[in-house]
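Student: Sequence:
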Amino acid sequence: MATVESLQQDIDGGLSVAVTIDDDPGHQLGDDRYIGHRFFFSVGEIEPVAGPTEPVPRRILIAGIGNVFMADDGFGVAVAAELVGRSLPAGVEVVDFGIRGMDLAFALQRDYAVAVLVDAMPRGAAPGTLALIEPDLAGVAVAGGIDSHSMDPAKVLGLVQRLGGCTCRVLVLGCEPEIVVHGDSPENMSMELSDAVRRAVPEAAAMIERLVTGL
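If you read the sequence shown in our numbering, its first letter stands for residue 1, the second for the next number, and so on.
A few of these clues could be false.
Stated by the list, open to error - Listed below are the simulated DMTMM-like cross-link pairs for lysine to aspartate or glutamate, each with C-alpha atoms no more than 20 Å apart in a straight line:
hint, residue 1, residue 2
1, Lys-155, Glu-134
2, Lys-155, Asp-103
3, Lys-155, Asp-96
4, Lys-155, Asp-136
As the list claims (entries may be wrong) - Label-pair restraints from in silico Cβ distances:
hint, residue 1, residue 2, range
5, Asn-188, Leu-211, 32 to 40 Å
6, Gly-165, Asn-188, 33 to 41 Å
7, Leu-163, Pro-52, 33 to 41 Å
8, Arg-86, Asp-152, 24 to 32 Å
9, Asp-103, Val-17, 48 to 56 Å
10, Arg-162, Pro-48, 45 to 53 Å
11, Ala-206, Gly-183, 30 to 38 Å
12, Ala-126, Val-56, 35 to 43 Å
Simulated from the structure, these hints should not be mistaken for lab results. Cβ atoms here follow ideal geometry from the backbone N, Cα and C, with glycine treated the same way.
Model the full assembly from the supplied sequences, consistent with the hints where possible.
Tutor: Take a look at the structure:
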């Protein structure tokens, strides 16, 4: 290995690069060393060589989705907030999409390797039960519209298919809700998660930490 020691200019104005060889014991003698312990090259004789580069981390999207005014439907948003304070690998992005279905659809068109959608997901299990599934994107129906102020993951994935498909792997981490709010009248709304779903929030965050580390 060699070290560039200095840039020197001769009496004619020409520039030379002074180089020392690292394993030459004489290169540490300072001003007392002989001229042979340094090598001089003109600027034109030097060609830059690219150094080692760090591998680009895979981009992974963690999408917290749901309506915080509809009780347990706000599960995904709560998990996104929980993950903000945790240490995640480089390339992992946590985004609270809330009910912005169109924004999520367009985000899934970007160059993510994996997208994990976190949402309340009724499946008939005990409240607070977590389930990780990988939907068959080819089988997602593309029919039906989408409201720019609502969030239906199935319709979002259908819209993505209509826009040209998703190149990333999509996973869904769902939590069985205990409180399901029907309708949007004020008396039905609540910003509180049920006890079972609230306890599942840190568990889901820990599951995502393990998941993204292994992807």
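Student: Evaluate each hint against the coordinates.
Tutor: Cross-check of the supplied hints:
1. Lys-155 - Glu-134: holds (16 Å)
2. Lys-155 - Asp-103: OK: Lys-155 and Asp-103 at ~13 Å, within 20 Å.
3. Lys-155 - Asp-96: With Cα atoms ~18 Å apart, Lys-155 and Asp-96 stay inside 20 Å; holds.
4. Lys-155 - Asp-136: holds (14 Å)
5. Asn-188 - Leu-211: 32 to 40 Å: Given about 34 Å between the Cβ atoms, the range holds.
6. Gly-165 - Asn-188: 33 to 41 Å: Check passed, 37 Å falls within 33 to 41 Å.
7. Leu-163 - Pro-52: 33 to 41 Å: holds (38 Å)
8. Arg-86 - Asp-152: 24 to 32 Å: holds (28 Å)
9. Asp-103 - Val-17: 48 to 56 Å: holds (52 Å)
10. Arg-162 - Pro-48: 45 to 53 Å: With a Cβ separation near 48 Å, Arg-162 and Pro-48 satisfy 45 to 53 Å, so the hint holds.
11. Ala-206 - Gly-183: 30 to 38 Å: Holds - the Cβ-Cβ distance for Ala-206 and Gly-183, about 34 Å, lies within 30 to 38 Å.
12. Ala-126 - Val-56: 35 to 43 Å: holds (41 Å)
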